[in-house]
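Q: So the protein lines, in turn, are chains D and E.
No gaps in the numbering here: position 11 of the first sequence is 10 in numbering that gives the first Met the number 0, and each next residue is one more.
No gaps in the numbering here: position 92 of the second sequence is 91 in numbering that gives the first Met the number 0, and each next residue is one more.
There could be a bad hint or two in this list.
Unchecked claim - Subject to a maximum C-alpha distance of 25 Å in a straight line, what follows is the list of computed BS3-like cross-link-like pairs (lysine-lysine): (1) E:K87 <-> D:K195; (2) D:K212 <-> E:K226; (3) D:K226 <-> E:K212; (4) E:K65 <-> E:K212; (5) D:K67 <-> E:K246; (6) E:K215 <-> D:K226; (7) D:K65 <-> E:K67; (8) D:K166 <-> D:K195; (9) D:K124 <-> D:K239; (10) D:K65 <-> E:K87; (11) E:K121 <-> D:K226; (12) D:K226 <-> E:K166; (13) E:K215 <-> D:K44; (14) D:K226 <-> E:K65; (15) E:K212 <-> D:K67; (16) D:K246 <-> E:K195; (17) D:K67 <-> E:K67; (18) D:K251 <-> D:K226; (19) E:K215 <-> D:K215; (20) D:K44 <-> D:K239; (21) E:K166 <-> D:K67; (22) E:K65 <-> E:K87; (23) E:K212 <-> E:K195; (24) E:K67 <-> D:K239; (25) D:K215 <-> E:K67; (26) E:K135 <-> E:K44; (27) E:K44 <-> E:K212; (28) E:K67 <-> E:K246; (29) D:K65 <-> E:K166; (30) E:K67 <-> E:K212; (31) E:K124 <-> D:K215; (32) E:K239 <-> E:K124.
In case anyone wonders, no lab produced these hints; they're calculated from the structure.
Number of protein chains: 2
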Amino acid sequence: MNNHPIGVFDSGLGGLTVLQDIQTLLPHESLVYIADSAYAPYGEKDAGDIVNRCLYIANTLIQQHKIKALVVACNTATAVAIHTLREKLDIPVIGMEPAIKPAVDITSSGVVGVLATENTLKSDKFSNLLDAHQHKARIITQPCFGLVEAIEQGELEGESTRQLLLKYVQPMLDEAVDTIVLGCTHYPLIEPLLRKLVGEQVHIMSTGVAVAKQLKSQLQSMDAGAKGTALFYTSGDATKVGDLASKFLNHKVDFQGLGV
Amino acid sequence: MNNHPIGVFDSGLGGLTVLQDIQTLLPHESLVYIADSAYAPYGEKDAGDIVNRCLYIANTLIQQHKIKALVVACNTATAVAIHTLREKLDIPVIGMEPAIKPAVDITSSGVVGVLATENTLKSDKFSNLLDAHQHKARIITQPCFGLVEAIEQGELEGESTRQLLLKYVQPMLDEAVDTIVLGCTHYPLIEPLLRKLVGEQVHIMSTGVAVAKQLKSQLQSMDAGAKGTALFYTSGDATKVGDLASKFLNHKVDFQGLGV
């Protein structure tokens, strides 16, 4: 029942898609969002720099907003920095994980495509995820250079974004892909455009809802662990009343005097 | 998800029985208890004075502890002051109601006894409650002068309390009562003694658990009504980022600049 806010951050505006999923599932929670636009995109940056930015943003959210949980609403930041964040912070840290497992479970053609940034695809975290599932389907990964930048410029539907996206998905379509995983929180913003390119029959999988559910379950465990306190006051003799109350309750209770 | 405390008050220590039921049902909630021992017992006081004390205590809890809900853990104060409290306060106010309805539902002999203070028994609220149920069973009411005082002095088991209690319950037992309602939050503290006097076959009904459940349901409605807020920051150009985010989310979003 802790009413501190939840911190959500991304290199830019992609994390807003995750924020929306959190607001839908947890409408009573207050949120603080940071878009690290000055340092966007993270996808092709040096890993050490990304870790430092993530720590800086996390500490800002903790110190200035007293957040009770942190959502790393960026696949690249999750892949590169989540271990360090979990090690250094005392609050729950929830990260993004490309929806490979549900994609592999749902595919009929046996071919799954993954669109993500280069940094996500070459991270150890992603390699492990791939290793765990690639015996169950053929998984085609595709780094999407320039796509986050186009989205951050608001180019969600124009011809240049369409061309860029087509370049990345056409090879998958040629291989009879029937399930495409959006491995970057920016990509749901161009889902309408992607839908036009791939048709109605292809499954498009994003991660926001799963992350919101994981957040909810973490908050519930925190609540379950947090015990309420009790304070006792009396207008009478605090010592006498405290002694009697301790006798009634079978444990020590301290009463404080009430003005009148 | 409001983590302000819940206020609980009684003329003395009887409300601790209600506090325990609340702690059992809502272990994560913080509580502030006031025992108005200097003015106890309320049972035989002037109604106007009781209303004034209740308002004073409620305002103390609101101003000093920012309570989100108030439990009037005293049957007399509920009977006399709850209307005024609900009228003057902006928070939910939960009061005690003697468990006449469940008692009438459960009795086999058709005879129900009610132990309460004189002020509770002669209140309009109690008369209405009695009117609603006395066609379904014979209800014997008994004002228990001196019983709250004995309990407040810690006399939960001694011979004098036993004699006093016997005087009040013997007439009921003579009339084949099989269900006794504890119409005062102090009385659960002498339930072990009462049990010895009435035997194992008589039902003893108190109100704390029902009040805790009602409180829980009120808090859930409050939570359901409370909508979380969202704040947005960026390390980039706040106006530009805000405009783009507004476009993405289809509603106006204001971003603030982040130091670095």
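Q: If a hint holds in the structure, say so; if it does not, say that too.
A: So, going through the hints one by one against the coordinates:
{"no.": "1", "hint": "E:K87 <-> D:K195", "result": "59 Å, violated"}
{"no.": "2", "hint": "D:K212 <-> E:K226", "result": "18 Å, holds"}
{"no.": "3", "hint": "D:K226 <-> E:K212", "result": "18 Å, holds"}
{"no.": "4", "hint": "E:K65 <-> E:K212", "result": "22 Å, holds"}
{"no.": "5", "hint": "D:K67 <-> E:K246", "result": "29 Å, violated"}
{"no.": "6", "hint": "E:K215 <-> D:K226", "result": "16 Å, holds"}
{"no.": "7", "hint": "D:K65 <-> E:K67", "result": "21 Å, holds"}
{"no.": "8", "hint": "D:K166 <-> D:K195", "result": "14 Å, holds"}
{"no.": "9", "hint": "D:K124 <-> D:K239", "result": "62 Å, violated"}
{"no.": "10", "hint": "D:K65 <-> E:K87", "result": "34 Å, violated"}
{"no.": "11", "hint": "E:K121 <-> D:K226", "result": "40 Å, violated"}
{"no.": "12", "hint": "D:K226 <-> E:K166", "result": "43 Å, violated"}
{"no.": "13", "hint": "E:K215 <-> D:K44", "result": "50 Å, violated"}
{"no.": "14", "hint": "D:K226 <-> E:K65", "result": "19 Å, holds"}
{"no.": "15", "hint": "E:K212 <-> D:K67", "result": "28 Å, violated"}
{"no.": "16", "hint": "D:K246 <-> E:K195", "result": "20 Å, holds"}
{"no.": "17", "hint": "D:K67 <-> E:K67", "result": "21 Å, holds"}
{"no.": "18", "hint": "D:K251 <-> D:K226", "result": "17 Å, holds"}
{"no.": "19", "hint": "E:K215 <-> D:K215", "result": "20 Å, holds"}
{"no.": "20", "hint": "D:K44 <-> D:K239", "result": "67 Å, violated"}
{"no.": "21", "hint": "E:K166 <-> D:K67", "result": "57 Å, violated"}
{"no.": "22", "hint": "E:K65 <-> E:K87", "result": "16 Å, holds"}
{"no.": "23", "hint": "E:K212 <-> E:K195", "result": "29 Å, violated"}
{"no.": "24", "hint": "E:K67 <-> D:K239", "result": "29 Å, violated"}
{"no.": "25", "hint": "D:K215 <-> E:K67", "result": "24 Å, holds"}
{"no.": "26", "hint": "E:K135 <-> E:K44", "result": "32 Å, violated"}
{"no.": "27", "hint": "E:K44 <-> E:K212", "result": "30 Å, violated"}
{"no.": "28", "hint": "E:K67 <-> E:K246", "result": "38 Å, violated"}
{"no.": "29", "hint": "D:K65 <-> E:K166", "result": "59 Å, violated"}
{"no.": "30", "hint": "E:K67 <-> E:K212", "result": "16 Å, holds"}
{"no.": "31", "hint": "E:K124 <-> D:K215", "result": "43 Å, violated"}
{"no.": "32", "hint": "E:K239 <-> E:K124", "result": "62 Å, violated"}
The structure fails hints 1, 5, 9, 10, 11, 12, 13, 15, 20, 21, 23, 24, 26, 27, 28, 29, 31 and 32 (numbered hints given earlier, in ascending order).
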